[in-house]
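J.: Sequence:
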Amino acid sequence: MGDVAGAVLIDAAREAARNAHAPYSRFGVGAALLLEDGAIIPGTNFENASYGLSLCAETVALAAANVAGRLRDVVAIGIVGGRITPGGLAGADPVRPCGRCRQILNEAAQLGGRDIVIHCASGDGGAVERHLLSELLPFAFGPDDLGLS
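According to the UniProt record's numbering, the sequence shown is numbered sequentially starting from 1.
Check each hint, because a few of them may be wrong.
To be verified - Quick list of the computed label-pair ranges, beta carbon to beta carbon:
(1) Gly-147 <-> Gly-87: 24 to 34 Å
(2) Glu-36 <-> Arg-96: 33 to 43 Å
(3) Gly-147 <-> Pro-23: 38 to 48 Å
(4) Asp-144 <-> Glu-15: 11 to 21 Å
(5) Glu-36 <-> Leu-148: 44 to 54 Å
(6) Asp-3 <-> Ser-134: 15 to 25 Å
(7) Leu-111 <-> Arg-26: 31 to 41 Å
Keep in mind that the hints were calculated from the coordinates and are not lab data.
Just so you know, even glycine gets a beta-carbon here, dropped at the ideal spot from N, CA and C.
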């Protein structure tokens, strides 16, 4: 997954973050999945007054991929996040997927038989990182561990 694909995903994630529903934290996050055929599926965080019911951008995007029957087709994801300001997102540190999102990404990775590439960017766009899911979630537990196959 080259720099061009990563930049496209980061741009799509930044666009998705514009629609973040984050009235409580004022921290917007956008995600964009890249599928095998080049399709991109966006997601954004969706907070709830009952904080525990909030959804991360990565989870929203993965759920949309699943609805489309494409969960096993995920090859990469771009993630952008930062404090919501009138001029857009702010923040100098890249936003990485939380533990829950890493676990949900692992479900897609094991179903697709691949190590998902994760591009993480700061709100201000000044910092971008590239990781493999296996680096962010070593010794992951997933479908293969259930012994059902």
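J.: Hint by hint, note whether the structure agrees.
T.: Going through the hints against the structure:
no., hint, verdict
1, Gly-147 <-> Gly-87: 24 to 34 Å, "violated (51 Å)"
2, Glu-36 <-> Arg-96: 33 to 43 Å, "violated (24 Å)"
3, Gly-147 <-> Pro-23: 38 to 48 Å, "holds (43 Å)"
4, Asp-144 <-> Glu-15: 11 to 21 Å, "violated (34 Å)"
5, Glu-36 <-> Leu-148: 44 to 54 Å, "violated (24 Å)"
6, Asp-3 <-> Ser-134: 15 to 25 Å, "holds (20 Å)"
7, Leu-111 <-> Arg-26: 31 to 41 Å, "holds (34 Å)"
Hint violations for this structure: numbers 1, 2, 4 and 5, all remaining hints satisfied.
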